[in-house]
Structure formats: C-alpha cells, structure tokens
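Enquirer: From first to last, the protein sequence lines stand for chains A and B.
According to the numbering used here, the residues represented by the first sequence are 27 to 481, in order.
According to the numbering used here, the residues represented by the second sequence are 27 to 481, in order.
Hints are computed from structural coordinates only; laboratory data are not their basis.
Careful: at least some of the hints might be erroneous.
Any copy will do: because identical chains look the same in the list, a pair fits if it lies in one copy or spans two.
Claimed, not checked - Capping the alpha-carbon separation at 27 angstroms, the derived lysine-lysine pairs in DSSO-like fashion look like this: (1) Lys178 <-> Lys264; (2) Lys294 <-> Lys72; (3) Lys288 <-> Lys264; (4) Lys178 <-> Lys55; (5) Lys264 <-> Lys147; (6) Lys147 <-> Lys178; (7) Lys55 <-> Lys313; (8) Lys313 <-> Lys178; (9) Lys461 <-> Lys55; (10) Lys55 <-> Lys338; (11) Lys264 <-> Lys287; (12) Lys313 <-> Lys357; (13) Lys287 <-> Lys357; (14) Lys357 <-> Lys294; (15) Lys287 <-> Lys72; (16) Lys178 <-> Lys287; (17) Lys72 <-> Lys55; (18) Lys72 <-> Lys178; (19) Lys461 <-> Lys72; (20) Lys338 <-> Lys313; (21) Lys294 <-> Lys147.
Below, each chain spelled out in residue letters.
Protein chains: 2
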Amino acid sequence: MNVYESLLELIGDRERVSINETVLEHHSKGIAYHAPHAPDVVVFPKTAEEVSRVMAFANEHRIPVTPFGAGTSLEGHVIPVAGGISLDLTLMNNIIDIRPDDFLAIVEPGVTRLQLNEALKRYGLFFPVDPGADATIGGMAATNASGTNCVKYGVMRDQVLGLEVVLADGSVMQTGSLAVKSSAGYDLTGLFVGSEGTLGVFTRLIVRLHGIPEATTAIKVCFPSLEAAAQAAFAVLKAGVGPGKIELVDEATIAAVNAYKKTDYPVKPTLFIELSGSPSSVEDGTKLVNELCEGEGAVSFVVETDSLARAKLWEARHHAAFAIQAAYPGKAMLSTDVCVPLSELPGAIADTRRLVNEQNMTAAIFGHVGDGNYHTVLAFDPNDADEMARIERVHAHIVRYALSRGGTCTGEHGIGIGKRAFLREEKGDAVLWMKRLKQLFDPNGILNPGKIFLP
Amino acid sequence: MNVYESLLELIGDRERVSINETVLEHHSKGIAYHAPHAPDVVVFPKTAEEVSRVMAFANEHRIPVTPFGAGTSLEGHVIPVAGGISLDLTLMNNIIDIRPDDFLAIVEPGVTRLQLNEALKRYGLFFPVDPGADATIGGMAATNASGTNCVKYGVMRDQVLGLEVVLADGSVMQTGSLAVKSSAGYDLTGLFVGSEGTLGVFTRLIVRLHGIPEATTAIKVCFPSLEAAAQAAFAVLKAGVGPGKIELVDEATIAAVNAYKKTDYPVKPTLFIELSGSPSSVEDGTKLVNELCEGEGAVSFVVETDSLARAKLWEARHHAAFAIQAAYPGKAMLSTDVCVPLSELPGAIADTRRLVNEQNMTAAIFGHVGDGNYHTVLAFDPNDADEMARIERVHAHIVRYALSRGGTCTGEHGIGIGKRAFLREEKGDAVLWMKRLKQLFDPNGILNPGKIFLP
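Just chain A, same shape as in the assembly:
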C-alpha cells in the first residue's frame, strides 16, 4: 500500500496531500529546541468528514497522525516523531458563527486568535486568550494555552464550552453545549482541552467571548531588583486590584529588546500592568498600584491610557520572546514554564536568578506573574552535548523547586516531548490513569505518539 496514493484518493485533491520537501520540512518542527522530524506526508483537510476519513484510514493501517496548526508549539507537540501523517488544519479556518448576544463564537480549529479578534471587533467583543504568537484556536485548546490575559479571564479550558472531535477510529463526537455552564455528565470537553492531540482531533470549537472593557490603562514600573518587582506584583494581587494583565520582564530581556528593536528602555526589572473596567475603577486601581509599587521601591512609574501609547508601552514585553531569539542567532531556545503558588513566586524567581548567574548562563526571565507562571529562556547550541546537558540540569532544578512548593512543571506550554519525565515526577500514579485514558480513546496509539508520556 502506498500511503500517499491512498490519502490522495481519500481527499481527491492533489493540492491538499503533499510530499513536497519544503512542506514536509515546515511540518517537522515547532519553534523550540526539539530535534525536528519530518512526517511522511502532509494532509490539509477542509471538513470534519475529511478528517474522519483520514483517521479511519490511519487507524486501520496503524499510521501515526500528528495534528498541526500555526506551528508555534514550544514543547515539540507538532513534531511527527514517528513519521506518518501531519494533519494540517489551517485550511479549516472558518468562523462558523458569532453569537454576540450569547457571548459565544463557533469556529473551526484553524482560525487564529488575531483572525477571530478582527471579526469580533465590530461587536465590541474579544477573545481573551493570548499566548503571544498568533496561534490557532485549535492548537491553543490542545495545549490549554493561557498567556497575559488569563489572570483576569481564565485559561483556554475556561473558554471552550464545547467541541466537535474526530476520534482515533474516525468517529465524530460532540461535547458540551451553547450554555455557559452545565452539570450534565462527565466533562469530556475539559478532558480533551489540553490533551495535546493525543486523544482526538478538534474540528469545531464553541468558545466564550468577552466585552471589550470601557476603559483600559497600561502601567510600566521599573524596580531596582527582580525580587522587588516580584514582591510588588504579589502586593498588587493581594490588594485585590484585579489587574487585566500583570507581567514581569527582567533586565536581560529588556537589554535584548533594546538591541533587537533599537529602543532605549531603562535596563531594569520591569512590571507591565494593565487595568481595565469602568473608567472610575481603572482610575482607583491606578492610584492603588502606584502606592503599592512605591512601597516596594519602584524607581519609575509610567501610565498610558491612549490605545497607541499603550501598545507602545507594552512593546518591550511583547517583543521579549523574539528579542531573545534575535539576540542569540543560530542558538536553540529552551523556555521553562513552571507555575507556583502565588506566595512562592518571589522566592522561585530569586532562586532561578541565583542559579543561572552561578552557571554563567545568559537567561531571560519573564512571565505571567499574576498566576505564578514564569518563563526562563535559555539559549544554547543544540550540537554541544555538554551545554545541552547543563541546560537540562538547570531546567530540572527549576522544575523541582516548583514541584517542592506544590507547583507544576508547565503552566501553559504543555508536556509535549520536553517535559514527559517531569510529568511523572509531578503526578505520580495519576499518570498511569492518564495512560489508561489514552489507551481507551486511542487503542492503537496512532494519535500524536511520543507526546505527554515516555514510551
């Protein structure tokens, strides 16, 4: 049997079944350090029915299937480590329905968050989850993504009310409903969100929308030390200001952004805070944030309300990830993703900084400190085995510190390839039950094999 010919017959469109080298290469990797591996063939379905046909075929012939969206995964989720089919869902990018009065949209998995937000603007609504990259809604659901807005609006699992999922055998299941809450049986929607393409392929998602706040203010505060900035973030959260975003960027990252964007931001640990709501609540909140930051020794405090000025103020934060990559051309990137209980955040960040300094590593530290989640981005040469091993030891130390404080190895990036051993450390015997769930939904192990679980 020739897999390519068979798939061509199933799909009936030479443009949407590809073994072109460039296409295979594009589907061989995410954007992080993991070793690429090309699929044998890439299929671009346009309907759930086509996804169903591909899955039934793959299941019958035991061919691995790895779903692919925008390709912005940080943990190797989209790498077809066992070859087989890369299922590229970017042509399934229709916004099926926007129900502004219900604060809901129904979308295909390949719709990106910027595409959705562009379509929502005229209704005064927006979709809040923002992982940085212009990821697809399907991919964001697959990793339970979150990002800067989640301290106010919740993570991807909180936004997805229902799914259409094609299962390993090609059958199609509907979960959830258009109601914003339900106690009807087991939460299959929540089980599939965050399953990283290992339990099924999303072909339709019902997502919650939110009203664009009446007033929004952006605040940028510089601190003398990373610890002071982390303490200030903690103070703001404790005071119940309810920020829309609260992000920390360390000195090394600001320096990298300055180099990358030719800017001259003060090279200081910086908090980026967004407040949103009614004009008076935003005004009250800004005053309170100012007092709290001064209490932690803030050295500068800038407030912008105009939308262009706000965007400019946030630039240093938004360019952080790209700036780090640009600062170390040719190097590979590993981003840690631990999340700790809020009170443990200042200590965790201090411990991480101490460690990377000790190791003379060029690390950037930034993240969503509003929910205890921060990233340490480490640049290294993937061909230098010693350096790689050293980086992995640092990663393990950071994860174990977080776990010893009751935290998690991944706040938002997922397990993928890179954190499979940590999952076992974190979850213990619960991983055995996760494996049984995998076995139940995908008995032949064709759905994104090699992810989440160590062989």
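Once you've looked at the hints, dock chain B against the given chain A.
Expert: Same frame as chain A, now just chain B:
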C-alpha cells in the same frame, strides 16, 4: 459474610458503622421527589485510609457504595438505589490548611461552605460557590454545583485545583496542584468534579479563595411582567456591568415567600442584583443598572449598601426554595434546572410560564439568570401517578425546549436519577464514552450505581 460485622472490623468503632433504622432512613434520600431507598449500612470514615479500606472491601465483594454529605441533593444522587454502603463523609470535616497569600484552602470533603466561610472571614477571603443549602464542599464538587455567585466567580469546577480521590479498588490518587493553572497532562481534576460519586470518593480538595470585595450593593427591582424582568437581566449582562449576582424570582414565588415569612413584598416579578468591587465602580454600575431597568419598565428600584439591609433585601430570594416547600405541605418537589444561551433566556422563561399556566400548575420560576440557568419548581403528590406523569411531561417539554436552543438539561443540579434519559438526548454518542470512562475507573460498577446512566 456479614457486611456489617466486616465493616465494623475494618473501622473498629461501633459509633461509626451503623444499621440503626433512623440512621438508615436519614441516608435513604435527598431533598427532592425521588423515591427513597435505604442503604444496608452507613459508615462514617474519618480518614482517607479508612475510605480506602472500605472501598477495597466493597470492591472485592461487589457491594454498592454511595457517598453522602449534607444530603441536600436535588437529583437523588445520595439515594443508595441498590442498597449497600452509604459512605457518610461528614466526620471528615477538617479544614486542613488555609493559605491566604495563595488564595487557596485545602479541605476535607465534609467541610460545609458556611463552615469554610466562617474560617476565612478573618483573612478577608471567601469561598464563592453558594448553591443555597449549606452543602459540603465534597458534595458540591461531586455535582459541579454553582448558584448565585457563579456569574462572577465561576462554578465549582473552576474553584477546584486538585483532589485526593479514593478509587473503586481502594487506591488513592492525587490530582492537580497548588498552582492556579497547569497544562500538565489530562485534566483528571475536572473529570472527577461533576462525576456524582460514580468514579471515586473525594477525601481532600484544594479550592480557590477570593478576596471579599471592598464595596457591595444589593439592588431589588420589580417589573410588570416576567418577560420584562428577563429582558432587563439580559440588558444588564450585555452592558458589561459585570454583576456579582443576578437572580430572577417570579410572582408565585414572592407570594409563597410572603405566606411563609409573613412578609409583604410586592407580588411582582423581581430581579435581585448584587454589584461588588471598588466603591466607585459599584456606584457607576448602580446608575447604569437603574437606567437599563427603567428602559424595561421597572416599577420599583431599591438599593441597599449596608450589610444587614442587604441581607434583608435578599431574603425573598434566599427563602424561595423553602417557601415553595412550605406552601405545599406534604407535596413532593421537582425542580427543573435547564440552562440556555443568554439570548434565549427571556423566550425560554416565557415558554415555561405559558406551559405551566396552560396546565393550571402551581409553579414557581426563579434562578440564576446571569448564566441562562433557571429553575421551575413544581409541587405534586408523588402518590398520584397521573399528576406525576403530567409533571414529567412538563419537565420533558422544558428540557427539550432548552436542548433545541443549544442548552443543557442541567446547569448545576446534576443528572442523578431524574435526568438520565435527558442526558442521552442531550449528549448522544458522547454518553457511550462517558460509560466507557465509568467502566475504566469502576469496572465492577460499585460506585454510586444507578446514577447518571440508565441501566
């Protein structure tokens, strides 16, 4: 084998293994219309270890186990329909840890929400889920309860960050972590929340806490018609006021409360709204709510900010369920629990009112209109088969109306016994997967048999 003697040996405390008639009777029912059925024996464990021993024993001997908390279930969840062991968790009522800086508490399943809130008061924190009754946290997690506060704070599944669960075979599993978000593997916590005691027994829960808002205002608005009140609720939600609570009570319920509490509330469809946050945001919100309600023809508008006056203003809503019971002594109660997309709420309530009027039924309608969830409480004589059949036809009509609009048969009460057929109608083939999950975690079918699924 004598089950009672064996359990006595396992627990080693005559006070905590009971076959006393009064105790068996207490464990034979919830608070709704479902036919009671007594367990053979009631066990009151004090530790997870004891729960584990009971489960291992029950699993070996294929004895049904039905978890029991405050007994306030509305769908017969706690009725041991197949006899066996009623596992009363009310002695496991320790608050293990309060971590105010992390906005977390770790509790045993028998802790009630009022008990927890009493302990939290001195930290300026509270646990927001309020289903009305003083239910246990374990029971509330088992049904994914919500109630009045959930429009602002989310449902039970949003509050539970982790669980200790004793599985059918007696093994103990830990899920989740102390981090407020995680993408580490499948969401077992969310799968167990809402599983109605059919997948495992909770012995410990990590729950989120929230800061008590600085300012709170209660608003009571009377309308000329139920439809006008529902439209006003919808207008308030659309305007982005972000109410803390928004509850609708219809005329029949107000009349029942007046009779029950000797009050003289105007017998009009009434909206109860709570706004909370910073003083200025609450003030802005109150003005906006006033304008919106006047736009829908409000006939009275009362605002209270003082905490005693607020409590008094909310009384009519809080007494609703009890007043209905008191108004029809000797009758059984069926409460519908559909949840529809927000825009469908006014139409759904109008349809329900039309139907019960047509049927000359004495029905009260009230509910959490902020998330599209409303209850129709119907009083009837459970010994009158004709009346029972008529009530069930009305229930089926209300559910099918909701399902035809993309809603759910249960917003917060769960499936239990009473909605098993509706679950199948609502979820289709997804129910087969729910059954397979049940089979995976409880192969001998000993955990709360007869619930969620029709035999």
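Enquirer: Any of the earlier hints contradicted here, and which numbers?
Expert: 2, 3, 4, 7, 10, 11, 12, 15, 16, 18, 19 and 21
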